[in-house]
Amino acid sequence: MPSQNPGEIPLDQLPSHGQWMGLSRYRGQHEPEEGLKFEPEEYAMVTDVLDCPSMTLCLYWDVVGTISRSEPPPQEGGKQLNGFHPAPEFGVDISFMGGTVNYGPWADRQRIHLQNMFFPRVFKTAEPSEPLVPGDERAYTEMKVYVELSSSTILRVPIRESSKDWKHRRRLEEGEVRPNGWVEIKVGAMSTLNYNMAYVASSTGWTHTLGLELRNPEVRSSVNHGILWEAQRQTLQCDLSGPLQWNAETKWIFNNVSSGMRVFLLREHVTLITDLVTDWTSGPAQEYWTFVPMIYELNLQLEDTEFFLNVNDQNIINNSSSFQDNTFIVLRSMGGRRGYLKGHVNMDFREFRPQSSTVEFSIEAVTLDNDSHGRLELGVRTPTWNTWNCSLGVQDSLGTVEQVKLKGSYEFYSEIAPGFIDTLVLDLSGVGLDLTLHGFLIRYFLTIKGNYFGEDLHFKTLEEWQDQQQAAADGIAAAPKPPLEKSNDLEIVLGIRVKGIVVLLPKHIFTTKENLKLDTPALNVDMRFTNYYMGNSSPSQAIQHFLTIH
Amino acid sequence: MRDVRPGGAQDGEESEDHTAKLNALPCRILLEMKGLEWFVYNRAPQYDWIMNEMAAAAAEGQQNTSSRQDMDEDDGSKTPRTGSTTLARGLSHITTALSPATRESFESFAARSPYLKMLPVKVECNRGAVIMGNNNTPSVLVAHFEKAQGIVDARKVDPLNLEAREGDQYIKYPNNIDLFDFICPSPC
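If you're matching them up, the sequences are chains F and V in order. With my numbering, you'll find the first sequence wraps up at 550, consecutive numbering, no jumps. With my numbering, you'll find the second sequence wraps up at 188, consecutive numbering, no jumps.
Keep in mind that the hints were calculated from the coordinates and are not lab data. Any given hint might turn out to be false.
Below 20 Å or equal to it, Euclidean Cα-Cα: the simulated EDC-like pairs (lysine to aspartate or glutamate) are [what the hints assert, rightly or not]:
(1) Lys124(F) with Glu60(V)
(2) Lys147(V) with Asp467(F)
(3) Lys34(V) with Glu124(V)
(4) Lys124(F) with Glu124(V)
(5) Lys147(V) with Asp51(F)
Restraint-style ranges between C-beta atoms, simulated for each label pair [what the hints assert, rightly or not]:
(6) Arg353(F) with Leu36(V): 46 to 52 Å
(7) Gln149(V) with Glu463(F): 36 to 42 Å
(8) Asp108(F) with Gln149(V): 29 to 35 Å
(9) Gln115(F) with Leu36(V): 21 to 27 Å
(10) Glu351(F) with Gln149(V): 32 to 38 Å
(11) Ile363(F) with Val121(V): 53 to 59 Å
(12) Phe323(F) with Pro138(V): 44 to 50 Å
Each residue gets a CB set at the ideal place from its N, CA and C atoms; glycine is no exception.
Between the sequences and the hints, there should be enough to build the whole structure, so can you do that?
The following block contains the structure:
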């Protein structure tokens, strides 16, 4: 303790002395100022990180014994430095009953500051620990954190939405607060989190693992307060290991296995996720002297997955996950462990402040046996009041494909300049496509383009749409549109190779009893899109066509 | 709560007022706290260790093992260090005073250790707060609870590791008060 300055107030005369202050010591000083006119920079700041009615915490540690003199001494260092016997354990088990966790990019930035204060990083190469000799005290090799979540625990991620900044670039009304975006994750009982942190270095480096096992996760978002995805089970195994050399190439691997997943994706979800990534990665740029080259690898295994793409006209959506309310194009893979979707994303950040970065990705449908059950299917889900539903019934499976693989890479520049062109390369290959091509299916494909890439990016409720129409009829100026964002040119190189295509064109509108069958052994298409040019080459084999009557 | 020895309170020589209450308690010692405030604002051993490492790096080649040994003395094995760099301690240099009989029974170890003799200890805390951070961090982490109770106890796990466990710190918040709270000392 430093000696007391003469000007300092003695401890017992401080206003708080002898009185329990707790949280109130810090509360109340930083309430938003009266009449704040502009949004604060950190408007997505939620200071209550965890609010929980009760929790159980079990902290445990082994009192270490010594290495036996009667047994052969440990041979290896690192994690095995204690020899054959399991290492002494040390860890903490936490279980929550209910409660809300608010943990977003802002809270994470505070975590980094605190962590750097309590656990300062040392940029120094480590040495693997040596095996202990008999008589030594045994050593802890890892810390284990185990968290059990109850069914009513809610994790909420508050997000700053940079994509909506243009809407808020004006003086705020008195007392008006800019709402933040959020993603909310709710999980079922018995969901757990496991974190193991190595205390000793092995010759391969530091081993850190994080495991998440979620039962019945439900993810909602501020886009429409509806479900973005739900699943029966989702596990995420992360390998966050680091090498001995502090600035050596570090590869973090994330393995995700989901089953029974249903995704209701809208274009605005993509925007929200982009904003989340932008917010999370915002902050001071990395210094050259502390730069660590990183590679992130994400592996996905999606079993029994259904993707629902909304194809409502004009993107009018009242209840985004209701089958009685919406028309969906469905991509489905219901083969369980025998046929699933496998995805892979590789993000390479090995270069210090690179001019451009590349993300490689691939997704393929894996079928382990040859029955048609596990194939990737394309279908349409229409509400019962829809004309097509009335006459054709449920069109759950309009097309199947035996094998399909999409491989691609996206190279993007970190700056915006006329000479920089972002490049997206997509290679789609498939075998055995079988498609019943109704006229409405073509229209729905065009609606996908409108709702996800084109003019109706922002969904609206029916009421909003009616108001818009009314306003347009009354000649009232429409709401301000987002300004055009400056961005680099995008070049898309698309290659499609499909073998064995059978397309059925129904002869009648309301029945599929008679079809025109188009059969081609192979289809190769190469396309290149830029802002100024579109190239296309599609040498195609002879198409056989004949009428079939079922 | 588990492994709580009944009848431990008989050894108690506490005041008459609490006798009835203590008889109902299964532990030798009851630690009762009210209005606990714990300020965590530094981690000096970690910084000392960095200074040692830096000094060792500066004097590379001359005596690069001595600094580590210095570190091992005050650090001990019960507070393992975390962080992003080496934690490898030169444990092979330590020769402990423990007897070579490693398969010492838990009971005899417990009988010898004054610390384990005291256990189980019951801890009760009414209103408490833990404040982590200091002037150099942009925010302070505050954990705040209304009522917490727990038992510190030891039990046997395996012949080599004689385990002490601080078990089941049960924290309860009838008033639904925030547990963790980041507070910004200066508005950001």
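Hint by hint, here is what the structure shows:
no. : hint                                 : verdict
1   : Lys124(F) with Glu60(V)              : 13 Å, holds
2   : Lys147(V) with Asp467(F)             : 53 Å, violated
3   : Lys34(V) with Glu124(V)              : 8 Å, holds
4   : Lys124(F) with Glu124(V)             : 43 Å, violated
5   : Lys147(V) with Asp51(F)              : 14 Å, holds
6   : Arg353(F) with Leu36(V): 46 to 52 Å  : 47 Å, holds
7   : Gln149(V) with Glu463(F): 36 to 42 Å : 53 Å, violated
8   : Asp108(F) with Gln149(V): 29 to 35 Å : 32 Å, holds
9   : Gln115(F) with Leu36(V): 21 to 27 Å  : 24 Å, holds
10  : Glu351(F) with Gln149(V): 32 to 38 Å : 54 Å, violated
11  : Ile363(F) with Val121(V): 53 to 59 Å : 56 Å, holds
12  : Phe323(F) with Pro138(V): 44 to 50 Å : 48 Å, holds
Checked against the numbered hints above, the structure breaks hints 2, 4, 7 and 10 and satisfies the rest.
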